[in-house]
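Visitor: Here are the chains, one letter per residue:
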Amino acid sequence: MTWTFTPDRPIYLQLQEQFKLAIVSGLFKPGGKIPAVRELAEDASVNPNTVQRALTELERDGLVHTQRTSGRFVTEDVTVIEKAKSEMAMELIDVFLEKMAAIGYGKSETVKIISEKEEVSAHANS
Amino acid sequence: MPILKCSSLHKVYGHTVALRNADLEIEPGRIVGLLGPNGSGKSTLIKICTGLLTPSSGFVQIGGSNPGPETKGIVSYLPENSYLNSWMKVSHMISFFKDFYSDFNMAKATEMLSNLNINTNSTIKSLSKGTKEKVQLILVMARDAKLYLLDEPIGGVDPAARDYILNTIIKNYNPEASVVISTHLIYDIEQVLDDVIFLKNGEVALSSSVDDLREQRGMSVDAYFREVFKC
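Chains as they are written, first to last, in this note's numbering: chain G, 611 to 736; chain H, 191 to 421.
Hints may be right or wrong, so weigh each one.
Between beta-carbon pairs, the in silico distance windows are [what the hints assert, rightly or not]:
| hint | chain 1 | residue 1 | chain 2 | residue 2 | range |
| --- | --- | --- | --- | --- | --- |
| 1 | G | Glu697 | H | Gly258 | 54 to 60 Å |
| 2 | G | Ser655 | H | Ser397 | 58 to 64 Å |
| 3 | G | Gly716 | H | Asp213 | 54 to 60 Å |
| 4 | H | Ser397 | G | Gly681 | 48 to 54 Å |
| 5 | G | Arg619 | H | Lys315 | 44 to 50 Å |
| 6 | H | Asn307 | G | Glu692 | 16 to 22 Å |
| 7 | G | Glu708 | H | Glu301 | 48 to 54 Å |
| 8 | G | Ala712 | H | His205 | 56 to 62 Å |
| 9 | G | Gly716 | H | Glu215 | 53 to 59 Å |
| 10 | G | Asp618 | H | Met296 | 49 to 55 Å |
The hints are simulated quantities; they were obtained by calculation from the structure and are not laboratory data. Even for Gly, the Cβ is constructed at its ideal location relative to N, Cα and C.
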């Protein structure tokens with residue numbers, strides 16, 4: 611996994627997002643084992659306590675659970691993952707709409723140019 | 191119980207005040223950045239914790255005891271300047287450390303030296319400045335100590351070796367041990383730290399967790415440092 615961190619926000623939040631992305635995108639499979647804290651910390655070059663904190667937050671969201679002796683696992687409940695996925699999509703759309711509004715596009719105009727662009731690329735591909 | 195506790199620590203050199211009523215506590219399992227510009231008292235604070243200097247007033251406790259032979263057994267200290275004997279070989283230094291410290295972990299030292307391609311048959315004087323620093327840091331990190339006090343551990347090494355060293359610190363992470371790193375290369379180590387302590391003219395100007403600071407200020411520790419210590 612490649613890790614990127616921006617300087618303006620807490621690292622545990624950014625880790626939490628990147629773990630979430632790994633789960634939603636299927637890089638961490640449903641029911642799959644999550645690497646050990648120390649391994650993740652080493653891989654991302656971050657503090658182990660920070661990784662621990664990010665994973666604890668994900669446990670609270672129900673995306674991850676701990677089995678006492680064998681470590682941490684991604685939830686097997688696909689509906690929880692789907693829910694996280696649609697939440698992420700909503701957040702991305704909000705950010706996108708905000709940026710479009712900043713350059714003067716209303717919601718309906720934005721939707722319009724998206725579908726136009728879709729048609730153009732569909733044409734180009736056929 | 192905190193692994194390190196300083197209470198109203200005061201240190202005066204002649205007319206110069208190096209530390210002014212410094213209070214701080216470090217819990218086990220933390221990686222702490224001791225940050226401050228040149229002359230802010232970082233090295234003085236560390237030297238008092240090792241027992242190399244005595245405070246003018248106030249006190250230090252390490253694992254509940256005052257600095258002394260007992261605490262030296264659990265504190266692993268990397269000084270600013272090299273103390274390796276130039277005529278010795280790296281392998282001599284290793285046996286030297288093994289004799290001195292019962293917590294010296296030979297396997298750990300050997301692994302780190304080979305990862306950094308350091309030949310244990312070389313004499314210290316034949317090594318470059320950066321390699322000397324690496325050897326010294328490896329000796330210090332190879333101890334299974336309770337408190338690591340690292341005074342400027344990454345200043346003289348190249349960025350790749352810096353990454354390796356920081357990864358070594360992460361890899362050696364132990365929930366019962368704490369690491370204090372003094373540096374002004376904040377940008378490079380920020381991700382590795384739990385907490386930061388800012389020293390300004392010998393006073394503790396800030397003591398915070400890195401994530402809290404980022405959350406409250408909306409900026410990195412590096413950026414905040416530049417703001418606080420703007421010249």
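Visitor: If a hint holds in the structure, say so; if it doesn't, say that too.
Guide: Hints, verified against the model:
no. : hint                              : result
1   : Glu697(G) - Gly258(H): 54 to 60 Å : 56 Å, holds
2   : Ser655(G) - Ser397(H): 58 to 64 Å : 24 Å, violated
3   : Gly716(G) - Asp213(H): 54 to 60 Å : 57 Å, holds
4   : Ser397(H) - Gly681(G): 48 to 54 Å : 34 Å, violated
5   : Arg619(G) - Lys315(H): 44 to 50 Å : 47 Å, holds
6   : Asn307(H) - Glu692(G): 16 to 22 Å : 49 Å, violated
7   : Glu708(G) - Glu301(H): 48 to 54 Å : 50 Å, holds
8   : Ala712(G) - His205(H): 56 to 62 Å : 58 Å, holds
9   : Gly716(G) - Glu215(H): 53 to 59 Å : 55 Å, holds
10  : Asp618(G) - Met296(H): 49 to 55 Å : 44 Å, violated
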